[in-house]
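Protein chains: 2
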Amino acid sequence: MNSNMEKPYVVGIDIGGTNTVFGIVDARGTIIASDSIKTAAYEKADEYVDEVCKHLLPLINTYGGADKIKGIGIGAPNGNYYNGTIEFAPNLPWKGLIPLAAMFEERLGIPTTLTNDANAAAIGEMTYGAARGMKDFIMITLGTGVGSGIVVNGQMVYGHDGFAGELGHVIVRRENGRLCGCGRHGCLETYCSATGVARTAREVLTARTDESLLRAIPAEQITSKDVYDAAVKGDKLAQEIFDFTGKILGEALADFIAFSSPEAIILFGGLAKSGEYIFKPIQKAIDENVLAIYKGKTKLLMSELKDSDAAVLGASALGWETKELS
Amino acid sequence: MNSNMEKPYVVGIDIGGTNTVFGIVDARGTIIASDSIKTAAYEKADEYVDEVCKHLLPLINTYGGADKIKGIGIGAPNGNYYNGTIEFAPNLPWKGLIPLAAMFEERLGIPTTLTNDANAAAIGEMTYGAARGMKDFIMITLGTGVGSGIVVNGQMVYGHDGFAGELGHVIVRRENGRLCGCGRHGCLETYCSATGVARTAREVLTARTDESLLRAIPAEQITSKDVYDAAVKGDKLAQEIFDFTGKILGEALADFIAFSSPEAIILFGGLAKSGEYIFKPIQKAIDENVLAIYKGKTKLLMSELKDSDAAVLGASALGWETKELS
Numbered sequence: 039m040n041s042n043m044e045k046p047y048v049v050g051i052d053i054g055g056t057n058t059v060f061g062i063v064d065a066r067g068t069i070i071a072s073d074s075i076k077t078a079a080y081e082k083a084d085e086y087v088d089e090v091c092k093h094l095l096p097l098i099n100t101y102g103g104a105d106k107i108k109g110i111g112i113g114a115p116n117g118n119y120y121n122g123t124i125e126f127a128p129n130l131p132w133k134g135l136i137p138l139a140a141m142f143e144e145r146l147g148i149p150t151t152l153t154n155d156a157n158a159a160a161i162g163e164m165t166y167g168a169a170r171g172m173k174d175f176i177m178i179t180l181g182t183g184v185g186s187g188i189v190v191n192g193q194m195v196y197g198h199d200g201f202a203g204e205l206g207h208v209i210v211r212r213e214n215g216r217l218c219g220c221g222r223h224g225c226l227e228t229y230c231s232a233t234g235v236a237r238t239a240r241e242v243l244t245a246r247t248d249e250s251l252l253r254a255i256p257a258e259q260i261t262s263k264d265v266y267d268a269a270v271k272g273d274k275l276a277q278e279i280f281d282f283t284g285k286i287l288g289e290a291l292a293d294f295i296a297f298s299s300p301e302a303i304i305l306f307g308g309l310a311k312s313g314e315y316i317f318k319p320i321q322k323a324i325d326e327n328v329l330a331i332y333k334g335k336t337k338l339l340m341s342e343l344k345d346s347d348a349a350v351l352g353a354s355a356l357g358w359e360t361k362e363l364s
Numbered sequence: 039m040n041s042n043m044e045k046p047y048v049v050g051i052d053i054g055g056t057n058t059v060f061g062i063v064d065a066r067g068t069i070i071a072s073d074s075i076k077t078a079a080y081e082k083a084d085e086y087v088d089e090v091c092k093h094l095l096p097l098i099n100t101y102g103g104a105d106k107i108k109g110i111g112i113g114a115p116n117g118n119y120y121n122g123t124i125e126f127a128p129n130l131p132w133k134g135l136i137p138l139a140a141m142f143e144e145r146l147g148i149p150t151t152l153t154n155d156a157n158a159a160a161i162g163e164m165t166y167g168a169a170r171g172m173k174d175f176i177m178i179t180l181g182t183g184v185g186s187g188i189v190v191n192g193q194m195v196y197g198h199d200g201f202a203g204e205l206g207h208v209i210v211r212r213e214n215g216r217l218c219g220c221g222r223h224g225c226l227e228t229y230c231s232a233t234g235v236a237r238t239a240r241e242v243l244t245a246r247t248d249e250s251l252l253r254a255i256p257a258e259q260i261t262s263k264d265v266y267d268a269a270v271k272g273d274k275l276a277q278e279i280f281d282f283t284g285k286i287l288g289e290a291l292a293d294f295i296a297f298s299s300p301e302a303i304i305l306f307g308g309l310a311k312s313g314e315y316i317f318k319p320i321q322k323a324i325d326e327n328v329l330a331i332y333k334g335k336t337k338l339l340m341s342e343l344k345d346s347d348a349a350v351l352g353a354s355a356l357g358w359e360t361k362e363l364s
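The listed protein sequences derive, respectively, from chains F and P. Residues in the first sequence are numbered from 39 upward in steps of one, following the working numbering. Residues in the second sequence are numbered from 39 upward in steps of one, following the working numbering.
Quick caveat, the hints were computed from the structure, so don't treat them as lab data. Possibly wrong hints are sitting among the right ones.
If several chains are the same, the list does not tell them apart, and a pair holds so long as it fits within one copy or across any two.
[What the hints assert, rightly or not] BS3-like cross-link-like pairs, simulated, lysine-lysine; straight-line CA separation at most 25 Å:
hint: 1; residue 1: Lys133; residue 2: Lys333
hint: 2; residue 1: Lys173; residue 2: Lys361
hint: 3; residue 1: Lys263; residue 2: Lys173
hint: 4; residue 1: Lys133; residue 2: Lys335
Hey, can you work out the whole structure from these sequences and the hints?
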């Protein structure tokens with residue numbers, strides 16, 4: 039972590055399909071000011087960036103102006119670290135290739151770095167969270183989809199094109215795999231995202247006849263949170279759904295370990311908060327599937343970043359890595 | 039590549055289960071002197087290292103003595119880069135943990151670095167071969183087993199314990215997968231090694247009745263070379279065996295791309311020399327299985343290192359990275 043007395047702050051901007059959240063962060067990882075706007079309300083990227091700046095500038099000025107900001111970090115879907123662009127992001131209103139980092143630099147005169155949201159989460163975890171001091175770890179974000187950020191030798195893995203680390207789209211079921219939003223079948227995220235858990239619930243409820251608290255909920259409305267609530271109440275079927283989900287995820291994680299032999303795999307996102315219901319079957323499947331030389335070496339951890347802050351903190355951590363504008 | 043006028047050479051030692059080959063290499067990647075001994079003839083590691091040194095020292099002295107050698111690089115099964123040890127290598131005569139790098143340093147007074155054989159091959163490819171100038175690539179060695187060496191941001195991926203990159207042991211068939219030497223089922227290497235190809239040949243010849251040149255060979259003696267020879271002669275069944283092998287490998291490579299988004303995947307080893315018979319189905323399976331954002335971006339290349347030299351060159355390339363002894 040770079041703690042520069044002259045420039046003691048960074049800005050984190052987390053761009054989601056619904057909301058854009060941003061804040062000013064100090065070297066200890068405290069968000070000292072924050073605000074948000076609706077992402078989808080701006081048809082043109084220019085209008086959107088103008089609006090973020092309109093809300094962000096007063097915060098910056100309260101803390102001494104742009105001169106006090108070391109850099110801006112942005113986490114965005116399909117964000118390309120090398121170019122500072124968002125490229126063909128299906129969940130954002132702006133089509134094609136958007137040079138977002140440059141657009142912020144022009145308006146604010148502050149160096150800006152951008153990456154995808156899961157990479158930002160990994161950098162946040164390394165800077166402020168459970169991965170502090172680690173040089174090799176994998177961050178898995180379990181949300182609507184499954185994202186990942188991989189750190190090797192203390193550096194983010196961006197790959198030759200800036201798009202490395204799409205572990206949610208590793209194929210875990212080649213035969214009769216579930217259809218994925220990416221157009222292929224059997225991707226990890228079709229089973230192990232929050233959406234995947236709900237999908238499993240609907241499948242199991244249709245295929246079987248045993249009683250379950252979940253039967254009280256209209257099938258199309260079941261969420262992974264409902265499955266968790268039922269599991270906590272002792273619902274056997276709900277617990278089995280987590281066992282199934284954890285098994286598939288643990289099998290996949292065992293393969294990921296063979297790739298980068300990380301010190302830890304860190305789980306982040308709503309589903310990760312299902313605690314032992316999901317961690318136990320994941321750990322069991324890792325232990326049963328991992329190659330002997332890796333056995334018992336890789337820790338399975340929960341993110342230590344507060345959920346509400348994580349996205350902004352993660353993005354902001356990138357701000358410490360920016361270089362001065364020339 | 040470090041070309042030091044004072045110390046213009048490195049030594050490469052490749053330790054295989056049968057032979058140990060070693061040589062002196064210059065900065066251009068030319069092996070200027072080499073020799074070999076039988077690995078398995080020495081029950082004790084101490085005797086073995088003594089014998090290598092006995093053969094190596096005359097070569098070193100011919101080229102100006104130990105002062106002219108920048109470093110020694112060793113490629114060995116189960117080699118641990120961090121400790122310079124070989125750890126529980128099933129195909130070597132010495133059991134447990136052998137501090138091989140230190141043993142050579144003591145005897146020769148030359149800094150010594152060690153890694154596993156596939157990593158050494160990757161470093162060789164980056165220093166002298168098809169991966170020159172690349173910062174992100176994956177080396178896949180197709181031999182008796184399937185090995186891998188992964189380079190990210192221009193650095194070998196060793197992982198937190200020194201054992202990263204065992205992609206031959208990623209599970210590619212979870213249901214009814216073939217039994218692997220590692221004790222698990224469905225590993226990539228049970229299908230895509232030379233041994234895996236021979237195994238496929240035996241399975242297919244038993245399960246089917248169509249004619250094939252391979253039927254002239256006793257089933258237990260069939261090698262991947264026999265399958266290649268038959269394929270070249272137009273044998274349909276032999277060609278199908280390569281299609282099957284290439285499909286499984288290509289599917290796996292498509293998943294590996296989602297991990298590190300490499301500029302190239304480089305195939306090395308006897309099987310890789312089956313040319314179009316194996317490259318075509320691999321490329322087809324990559325194209326059909328890779329996530330859209332990676333499509334057409336990762337090159338599939340054949341190693342440019344001469345087979346006979348590759349192991350020593352790869353190991354020697356590590357020698358340029360050694361630090362001076364303190």
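Exercise. State whether the alpha carbon distance between lysine 133 and lysine 333 is at most 25 Å within one copy, between copies, both, or neither.
Key: between (45 Å within a copy, 19 Å between copies)
Quiz prompt | lysine 263 and lysine 173: within-copy, between-copy, both or neither at 25 Å Cα | solution = neither (33 Å within a copy, 42 Å between copies)
Exercise. Tell me, please, which holds for lysine 173 and lysine 361 at an alpha-carbon limit of 25 Å: within, between, both or neither?
Key: The answer is both: 22 Å in one copy and 21 Å across copies each meet 25 Å.
Practice problem: Pop the pair lysine 133 and lysine 335 into one bin, within, between, both or neither, using alpha-carbon distances up to 25 Å. | Solution: Answer is between; shortest inter-copy Cα gap is 21 Å, intra-copy 43 Å.
Consistency note: the structure conflicts with earlier hint 3 alone.
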